[in-house]
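There are 2 protein chains.
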Amino acid sequence: MEFQVVKVKEDILQENSKRAEELRKFLKEKGIYFINVMASPGAGKTTLLTNLINRLKSEFKIGVMEADIDGDVDAERISKNTGVRSIQIHTSGACHLTAQMTHDAINNFDVDGLDLLFLENVGNLVCPAEFDTGSNINMMLLSVPEGDDKPLKYPLMFEVSKIAVITKIETADIFDFDFERCRKNILKRNKDAKIFEVSALKDEGVDILAEHVRKLVLEGR
Amino acid sequence: MEFQVVKVKEDILQENSKRAEELRKFLKEKGIYFINVMASPGAGKTTLLTNLINRLKSEFKIGVMEADIDGDVDAERISKNTGVRSIQIHTSGACHLTAQMTHDAINNFDVDGLDLLFLENVGNLVCPAEFDTGSNINMMLLSVPEGDDKPLKYPLMFEVSKIAVITKIETADIFDFDFERCRKNILKRNKDAKIFEVSALKDEGVDILAEHVRKLVLEGR
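Same order as they appear, the protein sequences are chains A and B. Position one of the first sequence corresponds to residue 0 (numbering that gives the first Met the number 0), numbered consecutively onward. Position one of the second sequence corresponds to residue 0 (numbering that gives the first Met the number 0), numbered consecutively onward.
Everything labelled a hint here was simulated from the structure, so no lab data went into it. Don't be surprised by glycine CBs; every beta carbon is placed ideally from N, CA and C. One or more of the hints may lead you astray.
Keeping only pairs whose Cα atoms sit at most 27 Å apart, straight-line, the calculated DSS-like set for lysine-lysine is [said to hold, decoys possible]:
hint	chain 1	residue 1	chain 2	residue 2
1	B	K183	B	K201
2	B	K161	B	K214
3	B	K8	A	K8
4	A	K27	A	K201
5	B	K56	B	K17
6	B	K183	B	K161
7	A	K56	A	K193
8	B	K214	A	K201
9	A	K8	B	K201
10	A	K193	A	K161
11	B	K193	B	K24
12	A	K24	A	K60
13	B	K190	A	K17
14	A	K183	B	K79
15	B	K56	B	K24
16	A	K27	A	K214
17	A	K214	A	K190
18	B	K201	A	K79
If you anchor each label on the Cβ, the simulated ranges turn out as follows [said to hold, decoys possible]:
hint	chain 1	residue 1	chain 2	residue 2	range
19	A	D109	B	K183	55 to 61 Å
20	B	K201	A	E20	35 to 41 Å
21	B	K8	A	K190	32 to 38 Å
22	B	K190	A	K190	48 to 54 Å
Per the computed footprint, the stretches of chain A lying under chain B, defined by three or more beta-carbons under 8 Å from a beta-carbon of chain B, are [unchecked claim]:
hint	stretch
23	34 to 45
24	118 to 124
25	139 to 145
26	151 to 160
With the rest of the complex left out, here is chain A:
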């Protein structure tokens, strides 16, 4: 049984990598930069995306895919608060998105003319990190209430993310969060990670992150 499981997982990951490469090529040809956003439940993905999009939408045509196990809350919310087009992907219980699921969603979305496409992955600090979605870059969020030790406990998520955004920084005092320790823990997993600190509530730090994303889109499309 054990061998069978490992073998099937290898097959799945191999198949997934192939699909992801195809998808990346497809989007590159259309001039679309694709960012996969990952985090624990409640880390502030939808809020950060809303704030980022509102800073970038005058320059780029943006689309958002919202993945959730159930519920239509996020897609509605993000469209209402930004005016950009969004669709909801239901994963039917699955804990992550595969490249195939992303591909199917994109087919239903009509991405022609977009400059920038965001995927808000399922809230999960483990499984989404295993599956290449076909994105150009992974952006992960760690919220202050989760604690500065999380890179030690969830290594893969931090290893695969070139952008790490520490969110809810206005609560650092309450949760005894040490930014220096957190940065060290993140860089231990990925020495090239770009680390940003934001507070959606106080509207701090989002400009700097938006400028970084802007450069990525201009260089990467």
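Fit chain B to the given chain A structure using the hints.
Just chain B now, kept in the frame of chain A:
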């Protein structure tokens, strides 16, 4: 491919249920009550367990199994702060514990003489809910910073948990958390759920939860 994956998953879950039943029977014969604790990363599992154990350890002999993908932080911390015996389980990247993994850990732990055994599962609001660990009851934690809408987005976790503990309640004002709405959302998933509200920081609510656990152990062993 898709069929193969579904079939393998069915096999895995069926095999897991069988193992879980065996484990439950084994622990029942030894008079050990087994609680599986699940939550998102950083929801406060280790802290709550520490506080619960310190209230129950004079009456019961308690053991703790700490599951993590990597790192030995929690097992050390809980032993140091409670004096009870704990072991660390490394899942080698896996996003959940199976009954077999729990079984193997128990074999390495020597549970003879214990009254109460806790398992702190991997921080993940999705996958651990799919796998029966062989526990007598599932206790899940939802921290206030995660938001009161989480039962809508992560249905299975709330469906399989008879105890739902809302943690970090002292931060409700900051995060605009609505307890009434949260309770409704939890009960929508599981109408028999017992809901508790605790603040580890202010040491509020833990006594009531400890009394509930005490009764479960006395009735359930």
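How the hints compare with the structure:
| no. | hint | result |
| --- | --- | --- |
| 1 | B:K183 <-> B:K201 | holds, 25 Å |
| 2 | B:K161 <-> B:K214 | holds, 14 Å |
| 3 | B:K8 <-> A:K8 | holds, 11 Å |
| 4 | A:K27 <-> A:K201 | violated, 36 Å |
| 5 | B:K56 <-> B:K17 | violated, 31 Å |
| 6 | B:K183 <-> B:K161 | holds, 15 Å |
| 7 | A:K56 <-> A:K193 | holds, 23 Å |
| 8 | B:K214 <-> A:K201 | violated, 45 Å |
| 9 | A:K8 <-> B:K201 | violated, 45 Å |
| 10 | A:K193 <-> A:K161 | holds, 6 Å |
| 11 | B:K193 <-> B:K24 | holds, 25 Å |
| 12 | A:K24 <-> A:K60 | holds, 19 Å |
| 13 | B:K190 <-> A:K17 | violated, 44 Å |
| 14 | A:K183 <-> B:K79 | holds, 25 Å |
| 15 | B:K56 <-> B:K24 | holds, 24 Å |
| 16 | A:K27 <-> A:K214 | holds, 16 Å |
| 17 | A:K214 <-> A:K190 | holds, 21 Å |
| 18 | B:K201 <-> A:K79 | violated, 38 Å |
| 19 | A:D109 <-> B:K183: 55 to 61 Å | violated, 37 Å |
| 20 | B:K201 <-> A:E20: 35 to 41 Å | violated, 52 Å |
| 21 | B:K8 <-> A:K190: 32 to 38 Å | holds, 36 Å |
| 22 | B:K190 <-> A:K190: 48 to 54 Å | holds, 50 Å |
| 23 | 34 to 45 | holds (count 3) |
| 24 | 118 to 124 | holds (count 4) |
| 25 | 139 to 145 | holds (count 3) |
| 26 | 151 to 160 | holds (count 5) |
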